[in-house]
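Colleague: These are the residues of each chain, in order.
Protein chains: 2
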Amino acid sequence: MNMKKTLFSILSAGALIAFCFAGCKNTTTSEVVETAGECGKNAAYENIMTRTSVRSYTGRLVSSDTVEMLLRAGMAAPTARNSQPWHFVAITDRAKLDELAATNKHGRMLQEAPLAIAVCGNMDKALDGDGRDYWIQDCSAATENILLAVNALGLGAVWTGVHPIKERVEAVSKVLNLPETIVPLCVIVIGYPNESPQPKDKWKTENVSYNTFE
Amino acid sequence: MNMKKTLFSILSAGALIAFCFAGCKNTTTSEVVETAGECGKNAAYENIMTRTSVRSYTGRLVSSDTVEMLLRAGMAAPTARNSQPWHFVAITDRAKLDELAATNKHGRMLQEAPLAIAVCGNMDKALDGDGRDYWIQDCSAATENILLAVNALGLGAVWTGVHPIKERVEAVSKVLNLPETIVPLCVIVIGYPNESPQPKDKWKTENVSYNTFE
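Going line by line, the protein sequences match chains Y and P. Residue numbering for the first sequence follows the working numbering, beginning at 11 and increasing consecutively. Residue numbering for the second sequence follows the working numbering, beginning at 11 and increasing consecutively.
Be aware that one or more of the hints could be misleading.
To spell it out: a stretch of chain P is covered by chain Y in this simulated footprint if at least three of its residues, at any positions, have a beta carbon under 8 Å from a beta carbon of chain Y; those stretches are [to be verified]: (1) 91–102; (2) 150–162; (3) 208–218.
Below 20 Å or equal to it, Euclidean Cα-Cα: the simulated EDC-like pairs (lysine to aspartate or glutamate) are [said to hold, decoys possible]: (4) P:176 - Y:143; (5) Y:176 - P:122; (6) P:115 - Y:138; (7) Y:106 - Y:205; (8) Y:176 - P:138; (9) Y:214 - P:108; (10) Y:212 - P:140; (11) P:214 - Y:75; (12) P:106 - P:122; (13) P:214 - Y:108; (14) P:115 - Y:122; (15) P:214 - P:224; (16) P:176 - P:109; (17) P:210 - Y:78; (18) Y:115 - Y:177; (19) Y:184 - Y:109; (20) Y:212 - P:224; (21) Y:115 - P:138; (22) Y:176 - Y:109; (23) Y:176 - P:140; (24) Y:184 - P:224; (25) P:214 - Y:134; (26) Y:106 - Y:134; (27) P:106 - P:180; (28) Y:184 - Y:108; (29) P:176 - P:143; (30) Y:210 - P:109; (31) Y:135 - P:211; (32) P:212 - Y:109.
Computed spacing ranges between beta-carbons, pair by pair [claimed, not checked]: (33) Y:108 - P:134: 23 to 31 Å; (34) P:215 - Y:190: 21 to 29 Å; (35) P:117 - Y:104: 47 to 55 Å; (36) Y:108 - P:191: 37 to 45 Å; (37) P:206 - Y:213: 29 to 37 Å; (38) P:74 - Y:206: 27 to 35 Å; (39) P:93 - Y:104: 28 to 36 Å; (40) P:135 - Y:209: 15 to 23 Å.
Just so you know, the hints here were simulated from the structure itself, not pulled from any lab data. In this text, a Cβ means the ideal position worked out from N, Cα and C, and glycines have one as well.
Please take these sequences and the hints and turn them into a complete structure.
Modeller: Below you can see the structure in the form of structure tokens.
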């Protein structure tokens, strides 16, 4: 009888562990299960697939710790020859956000949002020569990292373009008091979501070729 | 005695559940725990922070299902006015990879890799007017998504730049038989890792300003 109870305990525990790990997974395809041994690998893929633009926010403020996590995610992006040619301006000041709203066709969102991050290129750190414009790609990768971190942390955001549209670059530079060497690529508008938009399904087989363009 | 055993079983099960969920989390800051209620939110953030360039690969081939998952991650990126101005060429053919290696200063990696994805801009879908070059930012976001999906699925990769360096654009276009309207932004070299490089810590407080540039 004691043996039976011990066996029962062991089996129950085993079932619970299995159940618990299964709960961690939110499987989309058998492929994920095959390749993602650890809990969370799958969640990282799902985070990419569920990110979408969020344009309405609650009044909840974003803590400075969370802001730092978003900036750390941005700086984790790869850069050409590890040049890290970027500068980030985090804007939480209400008056400054409203000033920025006036420069932006997405003004309404900025008026509602508790946070914006301007991702900028630092021309003092950009490469010289024909690879100079790699700063645009590096800063875009940083921006996408921030958007994905936003989604991972339960926030919502939208990427609003600035560079290469001259008037926008000038207007944002003026509000943020940027020197000429700091060029705003975009302004990410961020807050806690007040809407739950469905991510777009943008998968199109005609956008893919195999081995050569056909 | 029976009561005691039952109680013991319940407590053990509880401890196991707690242990199991704790195992799902790999906490970096208290902030994550606060905001990430579900298992995996944390893992999505960690996936961004642990991505790094992998330049050496085992002989293991990448399945077509996995290639499709990477391409789906790319197409999940946001694009200016939802223009989706991209085209992806997935290269798994050994001869084609070797041909590509000859055009690339990262040739050795391509000779070893079982997969490369050329992320290209599609000029027929790029915006008109002063926002035309947003395709570069859109395709860079798609590239970063693919790199993060690579990391999530246990693969390794490195972003090798092509556009705007003219000779590289011409060489890659020739190998992949690209028409003039399809411009290669970069070639992502992908495989199962044969090295475990430590992610660089690129966090620098001097790269951040708050509210205005100081």
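Colleague: What hints, given by number in increasing order, does this structure fail?
Modeller: 5, 7, 9, 10, 13, 14, 20, 26, 30, 32, 33
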